[in-house]
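Student: In case you want the letters, here they are:
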Amino acid sequence: MRIPHIAALALAAAAWPTICAAAPVSIQVSGADGRPLAGAVVTLAVPGAPPAEPHGSYVMAQHDIAFEPRILIVPVGASVSFPNRDQVRHHVYSFSPAKKFELKLYGFDVTKSVVFDKAGVAALGCNIHDTMTGFVYVTASAYAAISDASGRVSFSGVPAGRATLTLWHPSIRAPGNTMSQTAAIPTAGLATSMAAGR
Amino acid sequence: MRLPLKLALKLPLKVPRLRYHDLRSKLAALYAGLFVFGFIAVAVVAQIVIDGQAQRSVTADLLSSGTIYDRLWAMREQSLVGSADVLAHDFGFRSAVGSGDRATIESALTSLKARANVPIAAVVGLDGRVVGADGALGARIAALPFALAEGRRSAVITLGPDTYRLVESPVLAPTEIGWVVFAVRLDAAEMQALSKLSAIPLVADVVQRDARGHWYASDGSLAPGAAIDDLVARSQSHRVLTTLNLPSGKAFALARPLEGPRGAPEAALLLRYPTALALAPYRPIQFGIFAAGLMVLLLVVLGSLRLAGSIARPIAALQRAAQALEEGTRTEVAACGTDEIGQLAESFNRMSAGIIDREHRIAHLAFHDSLTDLPNRAFFRESLDEKVLRQARSGEPVGVLCLDLDGFKGINDTMGHPVGDALLRRVGQLLCALAPDGLVARLGGDEFAIILAEGFDDDRPRALAQAILDAVINPINVDEHFIPIGVSLGIAIGPHDGHNADQLLKNADLALYRAKQDGRGLFRFFEPSLDQAARTRRQLELDLRSALRSGQFSLAYQPIYDLNAERIGCFEALLRWEHPTRGNVPPIEFISVAEDTGMIIAIGEWVLHEACRQAMSWPDHVRIAVNVSPLQFRNLSFAAVVMQALAQSGLAPQRLEIEITESVFLDGEGPVVALLHQLRAIGVRIALDDFGTGYSSLSYLRSFPFDKLKIDKSFVDTVTSDTCTAAIISSIVDLAKALKMETTAEGVEDSEQLDQLRGQGCSSIQGFLISRPVGSVAAGRLVRLHEDRSALA
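Line order of the protein sequences matches chains A and B. When you number the first sequence by our numbering, it's gap-free, plus one each residue, and the end is 198. When you number the second sequence by our numbering, it's gap-free, plus one each residue, and the end is 991.
Note that these hints are calculated values from the structure, not bench results. One should not assume that every hint holds.
SDA-like, lysine to any residue: derived pairs with alpha carbons at most 25 Å apart [said to hold, decoys possible]:
# : chain 1 : residue 1 : chain 2 : residue 2
1 : A       : Lys-118   : B       : Leu-370
2 : A       : Lys-99    : A       : Ser-30
3 : A       : Lys-100   : B       : Ser-297
4 : A       : Lys-99    : B       : Ser-293
5 : A       : Lys-118   : B       : Thr-373
6 : A       : Lys-100   : B       : Ser-293
7 : A       : Lys-100   : B       : His-287
8 : B       : Lys-714   : B       : Ala-665
If you anchor each label on the Cβ, the simulated ranges turn out as follows [as the list claims (entries may be wrong)]:
#  : chain 1 : residue 1 : chain 2 : residue 2 : range
9  : A       : Ser-171   : B       : Ser-305   : 52 to 62 Å
10 : A       : Ser-171   : B       : Arg-327   : 19 to 29 Å
11 : A       : Asp-148   : B       : Arg-327   : 35 to 45 Å
Think of the CB as a built atom: it goes at the ideal place given N, C-alpha and C, for glycine as much as any other residue.
Just chain B, with the same shape it has in the complex (with noise of 0.2 Å):
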């Protein structure tokens, strides 16, 4: 019973450093630990109980085993003082000693040792003088009559290592003459004679004091100690009973005084039982106590592992699935129940289907375009990284064609969003429709993108943007509205055209951009060419944007001679860029460059206030012509530029001409119109440019009311070698003059076109033939020179 009393000390000092990394574990170690704590307690207390039962059990049987002893011990006595009396009483024998007859009373001694089993004995006479011991034994024997008191027949002496019991019956004849005494000696084979009698199986042993006065047994079994002398001491006046703590175990024992000649005692008779004796009768009991805590502990863990384990289980389940869930997969748990883990259950699938959609929806905004649904950039770039990766591998092309639509901007503007909305959908489902077998996307804006990778033959590119085009042709039924678009197209096929999605893309747009360039409504592949112009392009855009901070602008005044005033009524500003490596850049190179970046506003600007400026310094009758983009027209504020320029410079609006060409009204005429009434209502000339190329619709002529055309070089270039140029040309003047509108004919390189023109009733020209563009000195010079030869002629 000790060791599950340690076990149990040790228990709740190794728990709380356990880590359970499983709820089932600890639950099974709490109640197995509970279990232990209630097992202990019941444990202890059967031992206390079996402790108090045996300690009480031996206590009597102890007790009784000492009263018997001191009736066995009486009884040796009274057979011993018998043996004694017969031998006192002898009537012969008392005649012996009565007379002194020492060879007589040795004899008797003899025969009486044999016959009383008595190892000595001796007669004791009145003088003290002994006959039968001699030595030390025989001095003790001699002063026993004398020592004991009255009515005492034995005693216990010690001599040495031994003990004796001497036991005394008077020579009477008839008073006394003298003593038998008998010794015997208490040795073990005495002790082991006395245990025997005894109900239990006691241990008796004689101690004796030694040399210092403590108790000990002189064969050894007993060492000298404090608890011995307490017991023997305390036994004295009363039996007490008492534990030994022994080198051969635990024992109980009590003491009795064994009575000395003058009544202290020289020895001590000492009853042990040891404890493991006493208590060996309830060793089934104890066993039967552990084995059945040690059987029900084990029902208890096992039990506990079980009900944890259907409570831990379910949870273990829980936990997996929020783990799947974690890292992104759809995970149902089996709803085992209507308890609370059941619920749990229920509630976690319901959260995780949630959680699912929402993050379906949530994925699918992030890769789609809500306005078409088609995938947006970000899905497309990675569907592009993905099958551009695929075909590394397999080696199969990916084509990517990009395309958008031409002029969606004026359909938005003029028609509104929600039908420029409508628009890009039905465009999508075209797309869509048209191409099956590749990933549609919209890029954003009027962007749209297709891949091809599902192992497409040579001309399925191709063949898909004409097909797409061919869809086009006809104006497309929105909301019952009927637009017209044109689509261009620019077709990037890898991994010829580039080994990954950046650049596949990159490429298919400058094809794209080419097929604007190249007039829109049509496709392109992308050529390696289309790159290297890119680069180039890429650079003009930087150089431009340092030109115009480092004045690297000029313009050049080519003057248009007034053919009714014969002398020249303005010049045309022509812009100049003296780059710093490249030298003269040519207008034509980097004037789309700058509408496309939009720095053509700012650069419009600065011509604008520089022309103007110029001009001051001209008579007052020379005007100067100023060519505007388009894109500097889209702009609202242009009427306002105009003005602060006119202001800053101080120049009469009369002076300014404003160029522009009918590419303004491309984009949707009314603004187009209002602004040129604009300027109108300040005074500013408007003059279009180029007439007689592109469309040239007459209606713009309807629309407003220009004060000059200017017929393009072409028309004058063969005016005087084919008649039929020259009809248009007398056509065009002709109704510019019923319109009120001057005429202005470009490029006029000799003086029989001049003749030609002037016949034709054209106001001005303009051409190398006056003189190529100049600078604003040589303008000034030009003027002057002109006045002169007309006030000559």
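Bound conformation, chain A alone (with noise of 0.2 Å):
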């Protein structure tokens, strides 16, 4: 499964000679406060740049009354299963336009599947307990993280050239809870800033 993931990342190279130079880019995340934002997801699309494809399997474990992890980053088309760890019983669900789905989880270690197949994210919740909330952050980009405790998010072999920064975070109080900004990244690398603005 790696191999041609290589081999893609070759040949995109050589089809476009003037951005293979690949670059890091590190993004400080702020909150509408000023402060380093955690959990917020920065995503960067490149244009030209082939999208990110399944791989591996894909958990959100329900434990301990929350969602784990509480931000799962799938590509598009990924198969995520939600494992019940929790003795109690759970009922996930999204009304999340990029999935809708409704769990009925009513068993220790009960195990069940969902296709992620659109790009987007989806909330989850649990109908039984509602300070459960969780993420999938579907995107079709391979350049997507999560920002670290101090609000850091870094990629490396970023091809240079323009690009799309887009910012997630559920207390972005924006249609999608998005905000995007786009970006020239030298070949050299960019070191840029974010803040989640209401």
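Take the two lone chains, each set in its own frame, and fit them into one complex as the hints suggest.
Tutor: Set out below in structure tokens:
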């Protein structure tokens, strides 16, 4: 599975020599209050770059009355399994346009799978436990990452050229909870910052 | 409580203008005024305390009500939020919202509106689109979730005249995918519902800003005003209680600004509590104070009237008594108690008695003669006036008897005033005893008068007069002196003799005068002729005064023929008055008038001077005889007058012969004799005239050695026909010769008489046989003629 992946990258580099040079991109994300924002998803849409392919298995478990992980980034078409690792029942649902589904997980270690075939964010909730919130971030971009505790996101090997940076966080009060901006990524790499304004 | 406060302000302004005319009202007004002031002070203090208490109480009530309101407001919000949350959490609803199922959303909202009793419910999507509300309200609802600060769930907005409370609840799936928003209009019903929940009868209003930013109530219950603006503005930070002056009355009020979507309030809740209601619990206290005040005021007024009365009544009685005293009435004040007023009353009574006593004494002195204690002239006049007036009505006669004592002056002079006074008192007593039916008065000097008025019979005046005359026939015993007195009386009876007091008194006086003229010691009734005579006499008096000044007097001279020397030895000077209109006035007519008026003194002096002056033109042996009135003789300086006349004319005193009648002795012998001796000492001769008439008391001849006796004409007239007369003349002549006195026979008219008289030894004769009285020139001629004749003889 890894080889075709590498080959694809090589193909891409050969096809667009000008963008063959890969650059590191780091983005500092801050919240509306100006402090580093953790748990935000930054995606980089680079025109002409190959879309991410599903590989491996994607798991969004329910453990200790919470989704684990809270945010799961999956490529379009990925199948995500929802194992119930709690002793209580869960009723997982999503009313998001990206993927609407309902999983009545009424037993310990019951696993059900859902295929996310559309880019977008599916907000996951449990009809029994209101506090449970999780997100499945479905994206076609290969460059998608979650900001760490200090709000940092880093990408390596990003082709230089123009790219669209998209920031997603549930607190962003905008359609789709996202903000976008375009950036020119020099070959030397880019270090930029994004603020999640309301 | 306002009304009395105004009265109090007006009263002090009016009080000084009032003028009380009696002490009672003055005292009552003073006490009532003081009480009213005091009461007003108490009422004002009470009002202040009540106001303060009410304010405190209402403040507490209102503040606690405000807190309760806050809680109610919050409860209502929670209830709304709860309803919204229920919907927002509904799985199916969330599913519908999440999937944008508009039909499902609307049906869910409709069923919710009925269930939660919410009129307007809407869903706002993340994209700001609204389901369930439209128009302006829809726009405000759409904006709400994006405007509200974190943590806020509700806001109050105004939309035109309406105010809405908006409550939102997020629709979580599980992140926010939209919001349920409820809108409740804050209308009158909503406010009343709130009011009902309050412990005190609050009025709750929603106020909002008008175009100019002033707060007002859109239902018109509160008009824009600075007070409300101020209240709302100050209430932003903390709770403020204030008093608002509203058209409906005063009210305590507090405001609660209602947060708008972005915090700034678009509306506020105004809670008010009418002051009248707040003060209502104190009404009975205020009424009680007022009623008690009125009652006590009434008691004070009654009490002070009573007190003032007890002070003022005796003072008023004193005042009336003083007034009565002023008008001359004797008054007593009942002395009440021993206080100052009682003492004053006693003092007043003593003073009143003293004044009345003194007044009586003064009145008595004014109307009584202090010597005899009989009514005086003033009293007599008043009584007579009164009697005459009464008589004019009743027609009864009024009699006036005037009397005086004959020769009283002599008594006074010879026996002294104490005896004279005692005599007058005695006479007064006598008259009172004789006339118990009349009013006896002493008019002055020795004049008395009696009024008869009490229905006397016609003969009473005459009888009384006679009784008086009879009573004084015998000498009166005064202090062991027996004094003979004579009384003359004049009587006038009104209305015949006079219609008024003046006339009656004057006519009685005229009658008295007549009685005296007629010889004293008798009474005369008034006759109209007396009045006429009196008029004539008065005219004569006036004429006499001018006669001396204008030289109407002249002297005529009648020779007295000396039978021994056979020549004219003397002329008797006779006064002639040539009246400018009446011609020659006989001396008999005017001498008495001159004597009565005292003019005889001046006339006599003139006669003396003129006679002496004239005699100087005659030969030295011719003397001049001058008649002298008793009145002249009474004058002690008469001797000086004689000496002056002699000195002025240069006439030898021996050539002057003073002729007196025995009447000069009537007023007492002593002084007259002394004067005669004075004259004799000068060298003046003294002749006794009219000898043989009257009393012809021989005692006079003994008391003074006269130079001559003049035998009265009445003897000479009948000397030839009546042997008796001849014998008397013979006796007189012999007497004279024995006393070394000359004799002159008067009124010799024929030679027969002359022969007879010559034969009897008369020294000289006087009469028409020799010559009538002649003028001065003729007198001179006559002397020479007779001298020639004697020389021839």
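Student: Please work out if Lys-100/A and His-287/B have their alpha carbons no farther apart than 25 Å.
Tutor: holds, 18 Å
Student: Given the hint of 52 to 62 Å, is the C-beta distance from Ser-171/A to Ser-305/B inside that range or not?
Tutor: violated, 32 Å
Student: Against the 25 Å threshold, does the CA-CA distance of Lys-118/A and Leu-370/B hold or violate the hint?
Tutor: Between Lys-118/A and Leu-370/B the Cα gap is close to 22 Å, so the pair holds against 25 Å.
Student: Within 25 Å, alpha carbon to alpha carbon, are Lys-100/A and Ser-293/B?
Tutor: holds, 9 Å
Student: Do the beta carbons of Ser-171/A and Arg-327/B sit within 19 to 29 Å of each other?
Tutor: At 21 Å between Cβs, range holds.
Student: Next pair to validate is Lys-99/A with Ser-293/B; report whether the Cα-Cα distance is within 25 Å.
Tutor: Judged against 25 Å, a Cα distance of about 13 Å means the pair holds.
Student: Run the distance test for Lys-714/B versus Ala-665/B: straight-line Cα separation, threshold 25 Å.
Tutor: Distance of about 18 Å is within 25 Å: holds.
Student: Regarding the pair Lys-100/A and Ser-297/B, is the alpha-carbon distance no greater than 25 Å?
Tutor: With a Cα-Cα distance of about 9 Å, the restraint between Lys-100/A and Ser-297/B holds, given a limit of 25 Å.
Student: Is the straight-line distance between the alpha-carbon of Lys-99/A and that of Ser-30/A 25 Å or less?
Tutor: Cα-Cα ~28 Å, so violated.
Student: Given the hinted pair Lys-118/A and Thr-373/B, is their Cα-Cα distance within 25 Å?
Tutor: holds, 20 Å
Student: Honestly, do Asp-148/A and Arg-327/B meet the 35 to 45 Å range at C-beta?
Tutor: holds, 36 Å
Of the numbered hints listed earlier, those contradicted by the structure are 2, 9.
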